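Engineer: In the order they appear, the protein sequences are chains L and A. Counting in the working numbering, the first sequence runs from -6 upward without gaps. Counting in the working numbering, the second sequence runs from 692 upward without gaps.
By construction, these hints were calculated from the structure, which means they are not laboratory data. Fair warning: there could be bad hints in the mix.
[To be verified] Derived contacts from chain A toward chain L, CB cut-off under 10 angstroms, selection only: (1) 717; (2) 795; (3) 813; (4) 1012; (5) 1056; (6) 1163; (7) 1182.
[Said to hold, decoys possible] Straight line, CA to CA, 27 angstroms or less: simulated DSSO-like cross-link-like pairs of lysine-lysine: (8) A:1162 <-> L:28; (9) A:716 <-> A:735; (10) L:3 <-> L:61; (11) L:145 <-> A:764; (12) L:31 <-> A:916; (13) A:1162 <-> L:61.
Predicted model, so just to flag it, every value in this text is computed and none were measured. Just so it is clear, CB atoms sit at the ideal spot from N, CA and C, and this is done for glycine as well.
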Amino acid sequence: MKLINILSEKKEIVLKKWFDKIAASYPVNAPSFLKNQKNQFANPVGYTIEETIEAVLDVLINEGTDKKAQEFLDRFVQVRAVQDFTPSRAVDFLFMLKQLMKDELKDELQEKGMYEEFLLMESRIDRMVLASFESYLKYREKIYELRVNEFKNMAFRLLERANLTFEFKDDDPAFEKDVSDSDNVK
Amino acid sequence: MPNESKSDELKQDELVKIDYKPPKKDWMDTPVHFRHGTYIYPAKAKNLTYLGLPNPREWSPADEDWKLPDNWKDIILNGMKERLDKYRSFKVFMDICVRCGACADKCHFFIGGGDPKNMPVLRAELIRSVYKGNFTAAGKILGRLNGARGLTKDVIKEWFYYFYQCTECRRCSVFCPYGIDTAEITMMGRELLTLLGCNVNWVIEPVANCYRTGNHLGIQPHALKDMFEMLLDDIQDRTGVKIEPTFNRKGAEILFVTPSADYFADPGIYTCMGYLMLFHELGLDYTWSTYASEGGNFGLFTSHEMIKRLNAKIYAEAKRLGVKWIIGGECGHMWRVMHQYMDTMNGPADFLEEPVSPITGTRFENAKSTKMVHITEFTADLIKNNKLKLDPGRNDKLRITFHDSCNPARAMGILEEPRYIIKNVCNNFFEMPENTIREQTFCCAGGAGLGTDEMMEIRMRGGMPRANAVKHVHDKHGVNRLTCMCAIDRATLSTLMEYWVPDVKVTGIHELVANALVMKGEKERVVDIRGEALKEKKGEDNVR
């Protein structure tokens, strides 16, 4: 039997335990809410966790592309990036899966050839961790970009509205001249 | 995490054992940690001084020493006593909570972040525990068993952290079987903090500016008029219609008051252009004011006394100009003040008349006492009476959803008027899921003075439930425009969308009206009010 088949058989239990582990990374009171409120709009974080871990496991079991998993991981990391986590904690949820597989598949991993399969799968999960870290950084940078943009927009608009700036308009005659000049060059 | 100094003593097996769980401690034993992105910069001393507020000083929440006055404890406890005697609601809210938990999972900050102290019940408990410990016999005797605690400097820090992580949106109150208004508890918490000079600059600077100049940014009359010139030039450029509004005109029938962000900030300016075009088209006898040039009232986020001080200018200006009644623009918290406080704080406005629309003759009985009508009530009435020529096809490139801004929805119940207008000026309207709109609307997470850039992480976190619902209609119906009727929303939702649903832009309702409004003497409209191409050409068949 192949590792992916075993994982497929144990999918439900792995998903449940993985969800619980991720939920437990949030402060007291939050885990039960994340777990029990099933409405996707009343509990968007819980819903995102569920969606993400299912997608990751599906990709591993069905040997789907990493890209598909990354789409979901990106969405979840987008959430973790604005929550109260350190960078390492924000992306550590994939390590939880590795540990969980070691615990849940302890006996199976002793079987012939199985550990090699596990190592391959582990490498794949590691690649997902790296991709998640890229996402994390992307969103943290986005936060600072948004800060700067808000500030710049306000300052610029104020100057503009107070008639303290001059801006070229698209239909400025100067542009027409430039265009004809460049045409001549051609 | 292993202690760093002992890490070399750990074996490999121990090193890989990572405890993913946060430490389990009682909430009273969990002090706050001020990390950048999770708190707002403190109020500058000059602004507190200008307003005559106590204990102005240079300090930072991230500092260990907050430079509190020596008698800080007495100040807080006396302040609490005074307010418990003065505001019955405060006393009742302190006493009646049975911790049923109905509110616990309704706060957008808790939903988005999971911090238990953002559960409304626990947020209230931050102050209730001090009330019990100092003002109730059971609390004094039983202490923690009764949920009571003493007052320490860490409690003050905790209040500052969490009362500035509440947007006073009142979603939790909708679900409370006892009707506890957590926003009012936050307001009390902030009032008490203000007694120690622990306010935030994003609130107190606009308050100082508003008190001195009339609006949040301190825009003076000549600059304000210049700003309007820009808007009027843009309107003429895009519609061919020249508009000449009046300012501070005595004897006008109506005074129009709107948040200042409508005339200086994107995308509010397009909503403002909508007001200008609508009133011009109607030939309305109205005036703007450079004195009552701010509908917003950040006093609401400071103290009751400050609400009153800032709000007073509206009636004072109405009286000075001799208008008959007032129309107010698309603002959120401004309407909580107008609807729930203005009448008793600065009324009765018996020098004004009960508002009657000069165009339709409709009597706005709901505004009989305040004499102030919401712009969407006014416009919906115009549409209902067929007084506007509209071409909704001009908004066809937009696929629209509507965010009920917290205060108009929950504090005054304006739910239908905005939808009625939108459906008449647009052809593509899609509601977000039921538990995210109307009374249950999710906050933008930037209200009540939180909409500043240094709070970006918290704003994105708390705004997640709102954005999640927008994303849903974006994915399902291709929604590309989020409409709202609040100046803070227009600013903060724009940024929120950039993070969570970048394809969606934000708009005010009267921007959509401006696009659809067929004006006398207009040129063929090829661009919308933003100056962007109208993708679909208008047809006479579309005209209603």
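Engineer: Against this structure, judge whether each hint is valid.
Structural biologist: Verification of the hints:
no.: 1; hint: 717; result: 9 angstroms, holds
no.: 2; hint: 795; result: 7 angstroms, holds
no.: 3; hint: 813; result: 8 angstroms, holds
no.: 4; hint: 1012; result: 24 angstroms, violated
no.: 5; hint: 1056; result: 36 angstroms, violated
no.: 6; hint: 1163; result: 7 angstroms, holds
no.: 7; hint: 1182; result: 8 angstroms, holds
no.: 8; hint: A:1162 <-> L:28; result: 22 angstroms, holds
no.: 9; hint: A:716 <-> A:735; result: 35 angstroms, violated
no.: 10; hint: L:3 <-> L:61; result: 22 angstroms, holds
no.: 11; hint: L:145 <-> A:764; result: 41 angstroms, violated
no.: 12; hint: L:31 <-> A:916; result: 53 angstroms, violated
no.: 13; hint: A:1162 <-> L:61; result: 19 angstroms, holds
Violated hints, listed in ascending order, are 4, 5, 9, 11 and 12; each of the other numbered hints is respected by the structure.
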